[in-house]
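**Q** Going down the list, the sequences are from chains A and B. Per UniProt numbering, the first sequence starts with residue 1, numbered consecutively. Per UniProt numbering, the second sequence starts with residue 1, numbered consecutively.
Mixed in with the good hints, there may be bad ones.
[What the hints assert, rightly or not] Taking lysine-lysine and the PhoX-like style, the derived pairs with C-alpha atoms no more than 20 Å apart in a straight line are:
id, chain 1, residue 1, chain 2, residue 2
1, A, 117, B, 11
2, B, 11, B, 60
3, A, 60, B, 117
4, B, 60, A, 117
5, B, 117, B, 60
6, A, 60, A, 11
7, A, 44, A, 11
8, A, 259, A, 311
9, B, 311, B, 259
10, B, 259, A, 259
In short, the hints are calculated from the structure, not lab data.
Protein chains: 2
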Amino acid sequence: MTLAEIARELKVSPSTVSRVLNGYSKNFGANPEMRARILEMVEKTGYRPNPVFRSIRAKKNRQIAFSFYSRSLRQNGETVDRALDEATRILEENGFTFHYLFHPRARVECYPVPEWKVAGMVIPDVIDPAMLRLIEEHRCPYVTLNGVCGEAGSAVMSDEPANIRMVMEYLYRLGHRRIAYLNSPPVMERHHSGIEREQGYLDFLNARRLPVIDGYGITPLPVAEQFELVRRQSATAIVTFQLEIAVEVLETAWRRGVKVPQELSVVTFDDSWHARHTIPPLTCCKIAANEMGKETARLIMAKVADPEAYKTEMFRFAGEVIERESTAPPPKA
Amino acid sequence: MTLAEIARELKVSPSTVSRVLNGYSKNFGANPEMRARILEMVEKTGYRPNPVFRSIRAKKNRQIAFSFYSRSLRQNGETVDRALDEATRILEENGFTFHYLFHPRARVECYPVPEWKVAGMVIPDVIDPAMLRLIEEHRCPYVTLNGVCGEAGSAVMSDEPANIRMVMEYLYRLGHRRIAYLNSPPVMERHHSGIEREQGYLDFLNARRLPVIDGYGITPLPVAEQFELVRRQSATAIVTFQLEIAVEVLETAWRRGVKVPQELSVVTFDDSWHARHTIPPLTCCKIAANEMGKETARLIMAKVADPEAYKTEMFRFAGEVIERESTAPPPKA
Numbered sequence: 001m002t003l004a005e006i007a008r009e010l011k012v013s014p015s016t017v018s019r020v021l022n023g024y025s026k027n028f029g030a031n032p033e034m035r036a037r038i039l040e041m042v043e044k045t046g047y048r049p050n051p052v053f054r055s056i057r058a059k060k061n062r063q064i065a066f067s068f069y070s071r072s073l074r075q076n077g078e079t080v081d082r083a084l085d086e087a088t089r090i091l092e093e094n095g096f097t098f099h100y101l102f103h104p105r106a107r108v109e110c111y112p113v114p115e116w117k118v119a120g121m122v123i124p125d126v127i128d129p130a131m132l133r134l135i136e137e138h139r140c141p142y143v144t145l146n147g148v149c150g151e152a153g154s155a156v157m158s159d160e161p162a163n164i165r166m167v168m169e170y171l172y173r174l175g176h177r178r179i180a181y182l183n184s185p186p187v188m189e190r191h192h193s194g195i196e197r198e199q200g201y202l203d204f205l206n207a208r209r210l211p212v213i214d215g216y217g218i219t220p221l222p223v224a225e226q227f228e229l230v231r232r233q234s235a236t237a238i239v240t241f242q243l244e245i246a247v248e249v250l251e252t253a254w255r256r257g258v259k260v261p262q263e264l265s266v267v268t269f270d271d272s273w274h275a276r277h278t279i280p281p282l283t284c285c286k287i288a289a290n291e292m293g294k295e296t297a298r299l300i301m302a303k304v305a306d307p308e309a310y311k312t313e314m315f316r317f318a319g320e321v322i323e324r325e326s327t328a329p330p331p332k333a
Numbered sequence: 001m002t003l004a005e006i007a008r009e010l011k012v013s014p015s016t017v018s019r020v021l022n023g024y025s026k027n028f029g030a031n032p033e034m035r036a037r038i039l040e041m042v043e044k045t046g047y048r049p050n051p052v053f054r055s056i057r058a059k060k061n062r063q064i065a066f067s068f069y070s071r072s073l074r075q076n077g078e079t080v081d082r083a084l085d086e087a088t089r090i091l092e093e094n095g096f097t098f099h100y101l102f103h104p105r106a107r108v109e110c111y112p113v114p115e116w117k118v119a120g121m122v123i124p125d126v127i128d129p130a131m132l133r134l135i136e137e138h139r140c141p142y143v144t145l146n147g148v149c150g151e152a153g154s155a156v157m158s159d160e161p162a163n164i165r166m167v168m169e170y171l172y173r174l175g176h177r178r179i180a181y182l183n184s185p186p187v188m189e190r191h192h193s194g195i196e197r198e199q200g201y202l203d204f205l206n207a208r209r210l211p212v213i214d215g216y217g218i219t220p221l222p223v224a225e226q227f228e229l230v231r232r233q234s235a236t237a238i239v240t241f242q243l244e245i246a247v248e249v250l251e252t253a254w255r256r257g258v259k260v261p262q263e264l265s266v267v268t269f270d271d272s273w274h275a276r277h278t279i280p281p282l283t284c285c286k287i288a289a290n291e292m293g294k295e296t297a298r299l300i301m302a303k304v305a306d307p308e309a310y311k312t313e314m315f316r317f318a319g320e321v322i323e324r325e326s327t328a329p330p331p332k333a
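From just these sequences and the hints, can you work out the full model?
**A** Set out below in structure tokens:
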């Protein structure tokens, strides 16, 4: 039964029914008997207000929209996935609801604002602040996660210069002097993580006067070919930009009969279930995704509470090296 | 500049500006000169209509809401992920937009309808039709994907009885007679796939008069213990409910020195990037996720086009066995 039908049945206007249901009293005085009859009828018929109108009517909007650059969920790295888990958990605990929107970079030149009212937005993996133009124009409070932000937003990022230094120092302490780095695939070319890790790799080698192993740049070469390239340069350790590259390095080593870690150490960025269950399990740099998720939730809730508190801020979190069975001292020459 | 400011500047009412912008002509005659001045001003100021109002005003809603049972993206199996990729690709091609909503089973007893107007819904992994009550009451057109549906919906499912039979026949033809099945973890207990695969496993053994290997039921036991259990019963092949179990079976075999596939064959349900890159790469039953995604898109678009065409339908798609390096004939006794 609709609201209009209830009103017709009781011979009152639909707005009277609506006002009684929503407990309005300002400038509105339905007589107590009619009020009781309306509530009884609503109870009897099991009528539920249309959620669209209820949302428009609601004074306080607590919807957070998450806007992704890809239509495919699998495109999110482990870091973003785990940070989202934590951020959405905290938002829910605080009475917020949320939904995910998708705007492939190939189709849009900037992230659109949602077609409905939202309190704020979270945008993962932004590589170009110009893509936030519409959101900034609409003065929608927003936080970017694992990417850069524009003038009116805040960015929660991983501290990549610290992370790559940590990994290099770990391998150096194990005794490695010929360390290779296999960077991101071209699809992530402009993301800050690949750029900063590559720079940190070169900086570390330079500071310790270690040889640069050719093959550290972003390349469309298959991993098996990159493997051959760095092994020809006698690399004893390989650091990979992400899990998928490390998995292919392990596979290539297995096919070539190269023993990991006895003959070759492998370290990857990003921890995950799969990193713990490769053969052998992978030593990794665990990105501080939980802390990043917590900070993302804290920031967007603060901005929603005070939309005038617009200021650009950037928060950086360093991770940690988790040692597993894919690393060991280099073989004796 | 807002619509109200443009109206003030031109000394007309905001609704006049709005009507000109939206090309209304019914019961509305702005004089041509004013119409031109309004359009010129809009052009000059770069004004863009508020997308919230634009959505409310739009006669034709083309938003499809996808409603998930979990807050975490990683909870989706590969099948649902790949089907969603395909379904959303087709929806986009046809001018639909979409967004994802999350309603953890632990928190809600049934899926809510969105707080804004949508044309239809797609709901993955439904295990209990009662959870669709609100959506059916609101007469929202919907399709379930990889799960069951209620009276007013349609379900796109994988043909699990056919899939498990295919896998069992493949192993039987290789010569295996002692075949174990490791079922889903308890979290998926009530999903049709685990129930149907278990039944199909037992039916096959019964039809061929083969021994049942204890350990096929849903259990909270760690995979390493299940591995020991079925190996004590001299199983020469293990079929797993999902990739994660197969990965742990490979890991356990590696730690115990059991050679795959020479001493033990492993087959998993679900194909994915990781299934292709385990050591050794996994033979799998590839679920017909692409076909399921196509059908989901076709169905929801048909229901949106004709909301009166409510009828319960169930569509089943069978997959195929992809042979890789984790399977071989059983070792000679």
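**Q** All the hints need checking, so say for each whether the structure fits it.
**A** Quick rundown of the hints versus the structure:
no.: 1; hint: A:117 to B:11; verdict: 29 Å, violated
no.: 2; hint: B:11 to B:60; verdict: 32 Å, violated
no.: 3; hint: A:60 to B:117; verdict: 18 Å, holds
no.: 4; hint: B:60 to A:117; verdict: 19 Å, holds
no.: 5; hint: B:117 to B:60; verdict: 10 Å, holds
no.: 6; hint: A:60 to A:11; verdict: 32 Å, violated
no.: 7; hint: A:44 to A:11; verdict: 17 Å, holds
no.: 8; hint: A:259 to A:311; verdict: 52 Å, violated
no.: 9; hint: B:311 to B:259; verdict: 52 Å, violated
no.: 10; hint: B:259 to A:259; verdict: 17 Å, holds
The structure is inconsistent with the numbered hints 1, 2, 6, 8, 9, although it conforms to all the rest.
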